[in-house]
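Sequences are here, hints too, so could you generate the full structure?
From first to last, the protein sequence lines are chains F and G.
Sequential numbering from 0 applies to the first sequence in numbering that gives the first Met the number 0.
Sequential numbering from 0 applies to the second sequence in numbering that gives the first Met the number 0.
By construction, these hints were calculated from the structure, which means they are not laboratory data.
Honestly, I wouldn't trust all of these hints.
As the list claims (entries may be wrong) - Straight-line alpha carbon distances no greater than 30 Å define the calculated DSSO-like cross-link-like pairs of lysine-lysine that follow:
no., chain 1, residue 1, chain 2, residue 2
1, G, 63, F, 146
2, F, 81, G, 146
3, G, 67, F, 146
4, F, 183, F, 223
5, G, 146, G, 242
6, G, 178, G, 67
7, F, 146, G, 175
8, F, 129, G, 241
9, F, 138, G, 234
10, F, 146, G, 178
11, G, 149, G, 234
12, F, 138, G, 63
13, F, 183, F, 56
14, F, 4, F, 81
15, G, 234, F, 164
16, G, 236, F, 164
17, F, 138, G, 13
18, F, 166, G, 234
19, G, 236, F, 146
20, G, 149, F, 81
21, F, 129, G, 236
22, F, 164, G, 239
23, F, 36, F, 183
24, G, 239, F, 129
25, G, 13, F, 146
26, F, 183, G, 175
27, G, 178, G, 194
28, F, 271, F, 195
29, G, 239, F, 138
30, F, 56, F, 146
31, F, 258, F, 280
32, F, 81, G, 234
33, F, 164, F, 77
34, F, 138, G, 241
35, F, 81, F, 129
36, F, 146, F, 129
37, F, 195, F, 138
38, F, 271, F, 183
39, G, 234, F, 56
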Amino acid sequence: MGIVKTENLTFEYIRRDENDNVEGINTAVDNVSVEFKEGEFIAILGHNGSGKSTFAKHINALVMPTEGSVWVDGMDTKDDDKVLDIRQTAGMVFQNPDNQIICTLVEEEVGFGPENIGVPTEEIWERVAKSLEAVGMTKFRNASPNKLSGGQKQRVAIAGIVAMKPKCIILDEPTAMLDPSGRKEVIRVLHELNEKEHVTVVLITHYMEEVIDADRVFVMDAGKVVMEGTPRQIFTEVERLKSLRLDVPQVTELAYELKKAGLSIPSGILMKEELTASLLKLV
Amino acid sequence: MIRDITIGQYYQTKSVIHDLDPRVKLMGTLVFIISLFLGKNVWLYLGATAFLAMVIGLSRVPLKFIIKGLRAVVVLILFSTVFNLFLTEGEVVLTIWKLQITKEGIYTAAFMVVRLMYLIVGSSLMTFTTTPNHLTDGLEKGLGFLKIIKVPVHEIAMMMSIALRFIPILIEETDKIMKAQMARGADFDNGGLIKKAKAMVPILVPLIISAFRRANELAMAMEARCYHGSEGRTKMKPLKYKKNDYIAYIVMFAYLAGMIAIKVLRPGMI
Numbered sequence: 000m001g002i003v004k005t006e007n008l009t010f011e012y013i014r015r016d017e018n019d020n021v022e023g024i025n026t027a028v029d030n031v032s033v034e035f036k037e038g039e040f041i042a043i044l045g046h047n048g049s050g051k052s053t054f055a056k057h058i059n060a061l062v063m064p065t066e067g068s069v070w071v072d073g074m075d076t077k078d079d080d081k082v083l084d085i086r087q088t089a090g091m092v093f094q095n096p097d098n099q100i101i102c103t104l105v106e107e108e109v110g111f112g113p114e115n116i117g118v119p120t121e122e123i124w125e126r127v128a129k130s131l132e133a134v135g136m137t138k139f140r141n142a143s144p145n146k147l148s149g150g151q152k153q154r155v156a157i158a159g160i161v162a163m164k165p166k167c168i169i170l171d172e173p174t175a176m177l178d179p180s181g182r183k184e185v186i187r188v189l190h191e192l193n194e195k196e197h198v199t200v201v202l203i204t205h206y207m208e209e210v211i212d213a214d215r216v217f218v219m220d221a222g223k224v225v226m227e228g229t230p231r232q233i234f235t236e237v238e239r240l241k242s243l244r245l246d247v248p249q250v251t252e253l254a255y256e257l258k259k260a261g262l263s264i265p266s267g268i269l270m271k272e273e274l275t276a277s278l279l280k281l282v
Numbered sequence: 000m001i002r003d004i005t006i007g008q009y010y011q012t013k014s015v016i017h018d019l020d021p022r023v024k025l026m027g028t029l030v031f032i033i034s035l036f037l038g039k040n041v042w043l044y045l046g047a048t049a050f051l052a053m054v055i056g057l058s059r060v061p062l063k064f065i066i067k068g069l070r071a072v073v074v075l076i077l078f079s080t081v082f083n084l085f086l087t088e089g090e091v092v093l094t095i096w097k098l099q100i101t102k103e104g105i106y107t108a109a110f111m112v113v114r115l116m117y118l119i120v121g122s123s124l125m126t127f128t129t130t131p132n133h134l135t136d137g138l139e140k141g142l143g144f145l146k147i148i149k150v151p152v153h154e155i156a157m158m159m160s161i162a163l164r165f166i167p168i169l170i171e172e173t174d175k176i177m178k179a180q181m182a183r184g185a186d187f188d189n190g191g192l193i194k195k196a197k198a199m200v201p202i203l204v205p206l207i208i209s210a211f212r213r214a215n216e217l218a219m220a221m222e223a224r225c226y227h228g229s230e231g232r233t234k235m236k237p238l239k240y241k242k243n244d245y246i247a248y249i250v251m252f253a254y255l256a257g258m259i260a261i262k263v264l265r266p267g268m269i
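Quick look at the structure:
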């Protein structure tokens, strides 16, 4: 079994009126069955309201499925005794960096998770040093998080999760509130963690540029997984992505339009270099 | 202007005071507050001034930064001065229309100003030199004995430290909302007291809503990081008394003893 596995996962929000009568049911996650293998870099795409955040919260046992099951490293999230183990195995980073930082010093913030799971004092210090190193924030260990930029805050939040030594990190739109350079910083750190520490990364986003280097991409719409494959496979279907209200990277779109106009270039181009190379071949 | 509020903030630097155990600093603040309420006597206040000056000097927090924190309470200080000045009975020095200023009034007003200022400076010095996390630890350990009578000491301490961390964020947010409302034509500067108070409503409503939203997200982030109360929790920075802490205790109680001695030996105002 992979590190994360879901089977027929369904989650419904029940809307009630003032008298507690059921007004309607919103299905946020609809019959999702996926499996992520250890060490993979997974990206989940979807526009607002596609159910991707609710799906992410299931992996961290923050939300319980209405139907179906979620297993994290073989543990069922419905098992109350395993909740802490699950959260330790699959750490979660949220969208707003300000609302997930608890302490007033960077190093204390990174140590918060290990403190909660009862790591001995000396080991906490080792883990904090290592995690800050891994995200390149050692220089700021004694700074106040309020004084950091958005990208730096998000890196601290990631370090806080890394210090708990999870096998898997889930990031719920970690770059949505960042500027382009902050976005790049965070994504680079994630790839480094994935490659060097073999941490499974589940990145939830709606920025196409961020999923190009992922191992596998899932596209969600209205609670369902509608597309699945490598980035190249996904981005071949430009029209379909557009109908799902998702954009494709600029280069991919240009290549797609050129191909449609009659140039013989391969489909699913992701990099500028690729496009230049295939265009040069035509000359 | 709203960013000037420095109460409850941490001032990052290295100093003897910063390195003290938070329990010592909590106790010191308590001792200092008690000493301020010992009585109205010039010598007592001189003693308190000397003690405060010593602590400020040792803490290496710039005086400018400390005084900035007082701006927030200027109104309060003015109020108490005016009331004490005009409403204290005694030997009349000056009469303006129906109001009389007495000699006792002048003394009481002066003492009240100093007392209020010292109270604020004294307690904000503690937060300037102690990180909220440290403060929480100090409170938790120092008041740990209350757990026997089922007081949720850890939870209270945690709430306090989170509140302190969110002060600057909420202040910034208030500033933002104020500017946003001003851009829509809201007027906060003109009009009477009631009109000004009414103008605060469009600031407070969004502020409270966003505070709840933040609280919800923060709670989820804490849960996601395995927070489950004090049970089975270890400390990154466990509290241990060092040599300096014992010295600080001695200095502190010597100060209190000295102050009590002054009170006993010189009962008058001067």
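Here is what the structure says about each hint:
Note on residue 63 (chain G) and residue 146 (chain F): the hinted pairing holds, with a Cα-Cα distance of about 20 Å set against a maximum of 30 Å. A C-alpha spacing of about 28 Å is found between residue 81 (chain F) and residue 146 (chain G), which places the hinted pair at or below 30 Å, so the restraint holds. The hinted pair formed by residue 67 (chain G) and residue 146 (chain F) meets the criterion: a straight-line CA distance of about 19 Å does not exceed 30 Å. Our distance criterion of 30 Å between C-alpha atoms is met by residue 183 (chain F) and residue 223 (chain F), whose separation comes to about 29 Å.
Distance hint between residue 146 (chain G) and residue 242 (chain G) is fulfilled; the C-alpha atoms sit about 28 Å from each other, no more than 30 Å. Distance check on the hinted pair: residue 178 (chain G) and residue 67 (chain G) sit about 23 Å apart at the alpha-carbon level, within 30 Å; holds. Straight-line distance between C-alpha atoms of residue 146 (chain F) and residue 175 (chain G) comes to about 17 Å, which keeps the hinted pair within the 30 Å bound. With a C-alpha separation of about 28 Å, the suggested pairing of residue 129 (chain F) with residue 241 (chain G) holds against the 30 Å cut-off.
With a C-alpha separation of about 23 Å, the suggested pair residue 138 (chain F) and residue 234 (chain G) falls inside the 30 Å cut-off, and the hint holds. Simply put, residue 146 (chain F) and residue 178 (chain G) have alpha-carbon atoms about 22 Å apart, close enough for the 30 Å limit, and the pair holds. Only pairs whose Cα atoms come within 30 Å are accepted, and residue 149 (chain G) paired with residue 234 (chain G) is accepted, the gap being roughly 22 Å. A hinted pair counts as satisfied when its Cα atoms are at most 30 Å apart, and residue 138 (chain F) with residue 63 (chain G) qualifies at roughly 28 Å.
A C-alpha spacing of about 24 Å is found between residue 183 (chain F) and residue 56 (chain F), which places the hinted pair at or below 30 Å, so the restraint holds. At roughly 16 Å between alpha-carbon atoms, residue 4 (chain F) and residue 81 (chain F) fall within 30 Å of each other, so this suggested pair holds. In summary, the hint linking residue 234 (chain G) to residue 164 (chain F) is supported, as the alpha carbons are separated by about 17 Å, within the 30 Å threshold. For the given pair, residue 236 (chain G) sits about 20 Å from residue 164 (chain F) by alpha-carbon distance, which is consistent with the 30 Å threshold.
In summary, the hint linking residue 138 (chain F) to residue 13 (chain G) is supported, as the alpha carbons are separated by about 17 Å, within the 30 Å threshold. At most 30 Å may separate the alpha-carbon atoms for a hinted pair to count; residue 166 (chain F) and residue 234 (chain G) meet this at roughly 23 Å. Between residue 236 (chain G) and residue 146 (chain F) the CA atoms are separated by roughly 22 Å; this keeps the pair inside 30 Å, and the hint holds. This hinted pair checks out: residue 149 (chain G) and residue 81 (chain F) have alpha carbons roughly 28 Å apart, not beyond 30 Å.
For the given pair, residue 129 (chain F) sits about 17 Å from residue 236 (chain G) by alpha-carbon distance, which is consistent with the 30 Å threshold. About 28 Å separates the Cα atoms of residue 164 (chain F) and residue 239 (chain G), which keeps this hinted pair within 30 Å; it holds. Note on residue 36 (chain F) and residue 183 (chain F): the hinted pairing holds, with a Cα-Cα distance of about 25 Å set against a maximum of 30 Å. Restraint check: the Cα-Cα separation between residue 239 (chain G) and residue 129 (chain F) comes to about 25 Å, which is no more than 30 Å; the hinted pair holds.
A threshold of 30 Å between alpha carbons decides the hint, and for residue 13 (chain G) with residue 146 (chain F) the separation of about 18 Å falls inside it, so the pair holds. At most 30 Å may separate the alpha-carbon atoms for a hinted pair to count; residue 183 (chain F) and residue 175 (chain G) meet this at roughly 27 Å. At roughly 18 Å between alpha-carbon atoms, residue 178 (chain G) and residue 194 (chain G) fall within 30 Å of each other, so this suggested pair holds. At most 30 Å may separate the alpha-carbon atoms for a hinted pair to count; residue 271 (chain F) and residue 195 (chain F) meet this at roughly 27 Å.
The hinted pair formed by residue 239 (chain G) and residue 138 (chain F) meets the criterion: a straight-line CA distance of about 27 Å does not exceed 30 Å. With a C-alpha separation of about 29 Å, the suggested pair residue 56 (chain F) and residue 146 (chain F) falls inside the 30 Å cut-off, and the hint holds. At roughly 14 Å between alpha-carbon atoms, residue 258 (chain F) and residue 280 (chain F) fall within 30 Å of each other, so this suggested pair holds. Only pairs whose Cα atoms come within 30 Å are accepted, and residue 81 (chain F) paired with residue 234 (chain G) is accepted, the gap being roughly 23 Å.
Distance check on the hinted pair: residue 164 (chain F) and residue 77 (chain F) sit about 22 Å apart at the alpha-carbon level, within 30 Å; holds. As the CA atoms of residue 138 (chain F) and residue 241 (chain G) are separated by approximately 28 Å, the hinted pair is consistent with the 30 Å bound. Taking the CA atoms of residue 81 (chain F) and residue 129 (chain F), the gap is about 27 Å. The hint holds against a cut of 30 Å. Distance restraint check for residue 146 (chain F) and residue 129 (chain F): the Cα-Cα separation of roughly 22 Å lies within the 30 Å cut-off, and the hinted pair is therefore satisfied.
Annotation: proposed proximity of residue 195 (chain F) to residue 138 (chain F) holds, straight-line Cα distance about 21 Å (limit 30 Å). Restraint check for residue 271 (chain F) and residue 183 (chain F): satisfied, since their Cα atoms lie roughly 17 Å apart, inside the 30 Å limit. Note on residue 234 (chain G) and residue 56 (chain F): the hinted pairing holds, with a Cα-Cα distance of about 28 Å set against a maximum of 30 Å.
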